[in-house]
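Colleague: Each chain, letter by letter, is given below.
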Amino acid sequence: MQQVKPHPGLEIDGFTLGQQLHKGGFATIWEVTHPLYRTAMVMKVPTILDGDDGPTIVGFEVEQMILPRLTGPHVPRVMGVGDFDVMPYVVTERIPGRSLLHDFASAPLPVSDVIEMAARMAAAVHDIHRQHVIHLDLKPDNFLQRESGEMVLVDYGLSRHDQLPDLLAEEFTIPMGTFPYIAPEQYLRQRGDLRSDLYALGAMIYELATGRKPFGDPEKLSQVRKRLWQDPMPPRGLRPDVPEWLQEIILRALEVDPARRYQSAAQMIFDLTHPQQVRLTERSHRLKPDGFWVVWRRKRVMRRVKSLGTPIATSSQIDRAPILLVAVDLAPEMEALSSRLFQSVKRMLTIQPDARVACVNVIKTARIGIDQTIDEYGNNLHVVRLVALKGWAEGIDLTDDRLTYTILENPDPASAVLDHALAVQADHIMMGARGHSTTRRFLGSVSARVVAEAHCSVTVIRLPERPEDQPSAG
Amino acid sequence: MRLAILTDIHANREAFSAVLADMADRQIDRIVFLGDFVGYGPDPGWCLDKAMDLVAAGAMAVRGNHDRAVGLADGTLNANARKVIDWTVDRLTVPQKMFLSGLPLVIEDGDLLFTHASANSPDDWIYVTNEQKARPSFLVSKARLIVVGHVHRPQLYSCDRSGRVAGHQVPIGHPLPLLGSRRWLAVVGSVGQPRDGSSLAGYAILDKSTNELTFRRVGYDSATTARKVRAAGLPEALAMRLIRGE
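Chains as they are written, first to last, in UniProt numbering: chain A, 1 to 474; chain B, 1 to 246.
Chain B with its partners taken away, still in its complex shape (with noise of 0.2 Å):
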């Protein structure tokens, strides 16, 4: 059994589609949204209709922080965030917007947990940027294995059998054998809006047969999505930080 993980797509049409045409050839059977499809991105129509026919085919997701902020008065959200769900809601149709309001917060799998920002709190919308940060997720799941988003940035935390917590490197595109002496949290990379440096969009490839979890990055048209980003009108800021990936 092998699940795609995608996660903070962002309204990045290219991207997405990137990442889909990425694991076309990767015996996927799987796939699972860790949430926030809209907010930042020009194509929240399209990226939505897309989730939602997968959604229908069989794939899991979980709500992310803009997908909750599309219809709120939210004051969470950054200005440039809330600028563009503001842009957003009125795009998105009656049944885009059920769509995001009827996902769950979490996704319990046998001993595997998904959701959006952190398994403690997730409401919160906590950002796991380090093992302190890491540490109440383990704390209060006992999930072999915590799949999370959010930060944008891909990362791997252990806690090991004396409730230690390490931060571990991320080799991108090798699998990573999830040993079983350790219980684990892995920060999915964003498809739609990298912020490591890197501008390639960002995903992972769970294979629960062989318990190996594998960061994957694959490039895609960068330009075209900025260009659409400024056509919309929308803060130049955010166009340029998808080609510069930060």
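Isolated chain A (complex conformation) (with noise of 0.2 Å):
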């Protein structure tokens, strides 16, 4: 068990605590110093109880996992992670700015204060969402500002990362998130749905917009249970200035079925900066809750609800089933891209789910000379590149006469792809483009040509790349 309580002068692992700066109801926070980092740092705390303090401790390494995976502005940097053995910690940057707690007190704020401060919070979110983090617990107290304006998500104690083992799954024990903006299907101990954070920004979005939590402020778990079936007063029946498209946007947030939420931050930023392209529904008109009588039948249907795990439903069917071809780079310096483009694929298919998948693989040949067909351990090498490009394919679910296969081999990648495409009448080409290289801007990418010269849409699947993911001197 832990070995070292936290005090001002302690000294671990070459940090040095100076004041305490917070002490929270899991934790202290703690300003530090360190001889290698210039950058003002604190340092984070549980505090555990003697005796078996599991969810304390469990939120913590979650967090202890999930924070170093984490990088860009809108993240605290990690500089330091405590053995528990001694004294369990996690040393980031200090993020100078307070927390939206502050803003939170003086709402309702101007209406474009609040788009522009949801934008700045959807942004955020969004972020960790691609960095595949889902927070779980979204609230004013965890989002703190950089000088430069990003928010900073902080706290991710309960969050859910989809490629690490959830280590809360299990324990029961561990509080759901804070009551006032968890989701309904929280409540539910759902803890897979990116949904459930947009739930809470429209929740807090509606807080700046009106001054008020849209469901109080509740002390028990099950008062949470009422929002499955009670909708919030609209926020223009509180504060008539606010426009239909912002109560659009919150009420969409706040809906019960994530299936008729946004379905990703970015959509909603993308709303809220173009408040002229939001369509206006029944929601947007609303200036009171809902009676008495929809209410109660509601409720007779969702107390009885388990979960909401929702198919997406496809509003728009395709007359004809499209053709998929799907270029496949096997290199394994290119896992990261293929895994990426895999994952485009599945999603094509939930759009799509008529669609029929070509998956090709070009083997380059040399253009003079004998190629070598033979790999190191004796086998034919387009029967290694065909298993391996059935390897890559698993997990795509549809059936044989859907699902082809086919190894190419061409000296010229590019030519092979649009020979191919032509060949199949593929209606859409998917394919990975590697990162830039001095050698690529002289000769041209493979994906570049296909794009330039296809006969029919083509999609680029890249690895994002952002200045801020460079490492910085520190």
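Note that these hints are calculated values from the structure, not bench results. Note that CB positions come from ideal geometry on N, CA and C, so glycine has one too. Where hints are given, some of them may not hold.
Selected chain B positions facing chain A (in silico; Cβ < 10 Å) [as the list claims (entries may be wrong)]:
#1 13
#2 20
#3 162
#4 166
#5 173
#6 174
Please assemble the complex out of the two chains, which come individually in their own frames, going by the hints.
Modeller: Set out below in structure tokens:
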């Protein structure tokens, strides 16, 4: 068990603790310095009670696991992680600005401020979603602000990373979030939906716009359950100068059924920044909550609901099954890219469930001379590639007649893909693009040529590259 | 330091070579074999020669139940497994048999423990398939990470500071940070006879510097292996399960 308790002047792993900045229910925050870092830093130390304090420990483990994997301006940079045997802690850069709690105290804010702040909050949420993390405890206290304006999301103790084991999955004593902001599916103990974060965003924008929380300040979990059937007072009912389009955004985010909400934070940002393009529905006109009988009928249905797992409805069916040609690069260094391509194909298949998928891989042959067709273990290269291509496609759930595999041999990969696309009458080509390099700048890339010369749509998948991803000196 | 952990090759040359090829570009410093080089599959000689070369070059290896059954009238194997072992024995050379009989049951390497089936009673060939079966391994060993095979299905368990054992989902291909606040038990999937519904060959990479474990799956030409199983006159069920991965 923990050997050391934090106190001013304590030295641990090179960090020296200064004054205590904050004392919360589950952790204390300390100012720290380190001879190697000039950045201002803080240390978060969980308050582990004697004996079995499972919830605090697991929450802190989750944070220790997730936080170091996040990068970019919307998360605090991690400088050190402490050993549980001595003293568990996480040291991060200190974000100078105050939390949004301060701004929420002066809500309702002018509409222009609400929109601007909401868009910055949604941008931070989108950034962590992009990095496979659902926060699941979004509230004003967990948004800090950089001097440059970016919101920084903190406190990942309840978060879920979709590529890591969920240590909280079986912890029933864990708080499931902050009651005024949690989504109904979180009440039902579903932890895998990024749209839960969009619900919380909706609840916070509601509060910024009206000065009130959409469901008040429930203290007991049982009071949270009500939001499965009881709709909130529409913002315009409280504050008539809230524009209809903003009410549309807020109430859409607060839909009980995740399928009826925004499907990504990016969609929400788009609406917040393009008010004139927000499609107004009945939601935007409401001035009071649904009447007694409507709510009563809804309650009869909803109180039996055990989960809100919903498939994405396809509003428009495509009249003919499209053919999707997927060109896969199987080189080991392209693994991240090919797995992203795989995800994109899967996503494409949810939008176009009738699509046929033709997977191709190109063996680049020499223009002159004899090619090696056998690998070092004596396997035929063509067969090896075919097997690898099938391995890549495992998990694309289509019957055999709708999923095909082809290995093309050609000295010019772009021509191979283009010719094959014509041959199979592809409606759409999906492929990855390798990163930028000098060679590619001079010789041109395969994807660039396919895009330029294809007879159909082409989707090029890239791994996102951002300047802030570059390691900075520190 | 990056370790590649391979287990339950089961005389499947195509799967073994596909895994070795997959490892080639992944900066592996050392290989650990968790046993069951032979049994079920049609290429025991080739697989053993390859493994013996790798062990001579520095790989670590422990013995599995099929390896032990070579040259023993062992009643614990099922009928098909026994049939293949009897078929295998006639095809092994003396050095190959000596290699198998000379393998240890357990290897402890710093805070890591490698064995074929379980850390508790490693020669009872216990199948770690749930939290109850994983718990005794944590009780007998102080290792930070116990790595086993034998089940042919990738799994991951952790033991927290209060001694509670929890099973975790196993994402394929993504590095999992093995938090220092817990001890871990990883069941590595089989190279040569996967049984989790996927026919892809399984193995794992442990990065000791970042303390991350990655479960990997690799496509291989299972149709060829199945053909060889049939050509050798081995039970048909063993050919089918390679294709189905069950």
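Colleague: Check the structure against each numbered hint from earlier and tell me which ones fail, lowest number first.
Modeller: none
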